[in-house]
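S.K.: In case you want the letters, here they are:
Protein chains: 2
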Amino acid sequence: MTEAQPRSLSDGGRIVISVDAMGGDRGPATVVAGISRSAKKNPDIAFILHGPRDELERLVAKRRHLAGRCEIRDAADTVRMEDKPSHIMRHGQNTSMWSALDSVRNGEATVCVSCGNTGALMLLSMVRLKKLPGVNRPAIAVLWPSRNPHGFNVMLDVGADIRADAQDLLQYALMGASYARNGLDITTPRVGLLNVGTEEHKGRPELKSAHELMAANAEKGNYQFVGFAEGGDIPGDRCDVIVTDGFTGNIALKTGEGTASLIGDLLKEAFKYTPLSRIAALLALTSLRRLAKRIDPRRVNGGVFLGLNGTVVKSHGSADATGVSAAVKLAFQLAQSGFSDRLAARVAAATSQLHEMTNDKDKSA
Amino acid sequence: MTEAQPRSLSDGGRIVISVDAMGGDRGPATVVAGISRSAKKNPDIAFILHGPRDELERLVAKRRHLAGRCEIRDAADTVRMEDKPSHIMRHGQNTSMWSALDSVRNGEATVCVSCGNTGALMLLSMVRLKKLPGVNRPAIAVLWPSRNPHGFNVMLDVGADIRADAQDLLQYALMGASYARNGLDITTPRVGLLNVGTEEHKGRPELKSAHELMAANAEKGNYQFVGFAEGGDIPGDRCDVIVTDGFTGNIALKTGEGTASLIGDLLKEAFKYTPLSRIAALLALTSLRRLAKRIDPRRVNGGVFLGLNGTVVKSHGSADATGVSAAVKLAFQLAQSGFSDRLAARVAAATSQLHEMTNDKDKSA
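Respectively, the protein sequence lines represent chains V and E. Residues 110 to 474 (this note's numbering) make up the first sequence, in order. Residues 110 to 474 (this note's numbering) make up the second sequence, in order.
Note that these hints are calculated values from the structure, not bench results. Computed from a predicted structure; not experimentally measured. Hints are supplied without guarantee of correctness; some may be wrong.
Which copy? The list can't say, so a pair holds if one copy fits it or any two copies do.
Subject to a maximum C-alpha distance of 27 Å in a straight line, what follows is the list of computed DSSO-like cross-link-like pairs (lysine-lysine) [what the hints assert, rightly or not]:
(1) Lys193 to Lys239
(2) Lys239 to Lys311
(3) Lys311 to Lys240
Isolated chain V, as found in the complex (with noise of 0.2 Å):
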């Protein structure tokens, strides 16, 4: 180790970031992996691993990335998968999914990552986090590989909650909006709302309320909308951000993973067939593998929970060191450009209008 006398985690602007060390697949050896490679990586992050304490010295002690950039956490409990949420609710006070997000909560971290169990991770993030004020539902994002210059697109909800009505699409609007400019950089993102058709009218009744709600507030919103968009629309350039409810989004997102990984196999199979497709396998090398790494879902690994007072980033369970790294760099970009209070002031400001207008019709009324 260079440094016997760790500094402050923060020191000299760094950004902290609280990680949960357990309850992915593949333990903590491989989120410890992860997080020293973002520290390898990028100089101005620093971590708050939450775990048991001495497997995590353990491990943390093996990486010299994490020398003096890494504080730990005693968790001795771990959320497993089958657990359920509300079973965590009241009981999961010793767990590291727990003192990872109160390291939010109380503000020595900006952003918390998680690889557990996601029933439990929203619950506890809803009831430790708290919801923004305005919001009723919050939703889950992901990044989806698309035809858009920027290659991906912003769709919610993805399965925090399977119901939505048009107030709460409005909101997830506003917050994919949000979420496209801060971490993906687009000024003035295209917001569609998933629909059967993009007629305007068809759908079911609360997708036409949604619709009026979104075009009314695109200005203040700061997001251009494009009205209903089809499934199709997901993967396209149409959109920067697709707006649906948390079944739909889930449905959606498993079916478009499925279908990839289904040709990712196929293609597999098909360069295994014959001699002459194994060499024609060996010198596409490259380009393959340079396909491979645009949709492979490790490198954008993290849906991120929005609509709480602070981020958190929810990794695949699956994640290895790849896929944790990604998920802890969304969440540095998340918190270095100071994304949750950006939300927090764009949702405040469209739901005091929504009062003003719902005022003004009580007035004219």
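Following the hints, complete the assembly by docking chain E onto the known chain V.
M.R.: Just chain E now, with coordinates in the frame of chain V:
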């Protein structure tokens, strides 16, 4: 032409398919090319072709495989993609779509094929063919490339109706299982109900009731119920049939198609990137073509309308001759297996059982 005097279409046990020649993006020449290809491959098939007589006679005369096996029915009007279904229902009597459905209605043909406007085709099909006794909402089923040995899964509803209650979802299970037996030769199809997780406590209330109904009717419906399925199971190997409402199904279908098409385009780009990768593409040509064929939507072209007195195959609007021929092949297969009658019998049996269950409950109450 080898035959001066056309014989009756159904001579020698030929199966007659009614084909709407108009309304596809590529016009009637493509449709005629497609059915000619089918006629060449399959001696047991004959056609009734609907559209403007002069134009169709000219096109058919050029195709020797259609000689004596294709009757033309004059229909002056065409349903366009932008026409509202309700308008066609009121004013579409002279369209080729209406005429094509009426050939099934009056028993001249067993199955109807059209590349036209989906909404209009569904509404006209309901009006002209009527729903099967016991069916509340007809559904559109598609074949989806999957990891299963037979290569495809059945998914329904992909957009006939955006709503579906528990009873409707049960009917989709019965109809989907019947389709898998007759279209994919699966003796006891495994049926899954699409949801955001596989745990029984998850999802919307109507999904919980549908889960109970589908489990209770599995034996009568001659399917195996695997419980809740997730988006990833649509291209997976856990189920043969995936049941969902038309809103979710339509979005899943278009998300999957969009994702596959994005990957295909990125793959083409990747192979053009360097001289080496261009050589690789040449070497791997056969293997890549095999893969493309496996996931080419044209090869499984055709959503099938289920729950009507007669079967309707909806081909992609942009189908080329290969696509039209694939839709005709599917129509032939379903006609030959007596699918329509079998499906009707299955639904009737389940409906009478449901009535018994309801009566039993009333008695015990």
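S.K.: Could you run down the list of hints and mark each one as holding or not?
M.R.: We went through each hint and held it up to the structure:
1. With identical chains, the CA atoms of Lys193 and Lys239 are at most 27 Å apart within one copy only, with a shortest distance of 20 Å there and 47 Å across copies.
2. Taking the shortest Cα distances, Lys239 and Lys311 sit within 27 Å of each other only across copies (24 Å), while inside one copy they are farther apart (36 Å).
3. Proximity of Lys311 to Lys240 under the C-alpha cut-off of 27 Å is restricted to the inter-copy arrangement: shortest distance 23 Å between copies versus 32 Å within a copy.
Comparing the model with each earlier hint shows no violations; every hint is respected.
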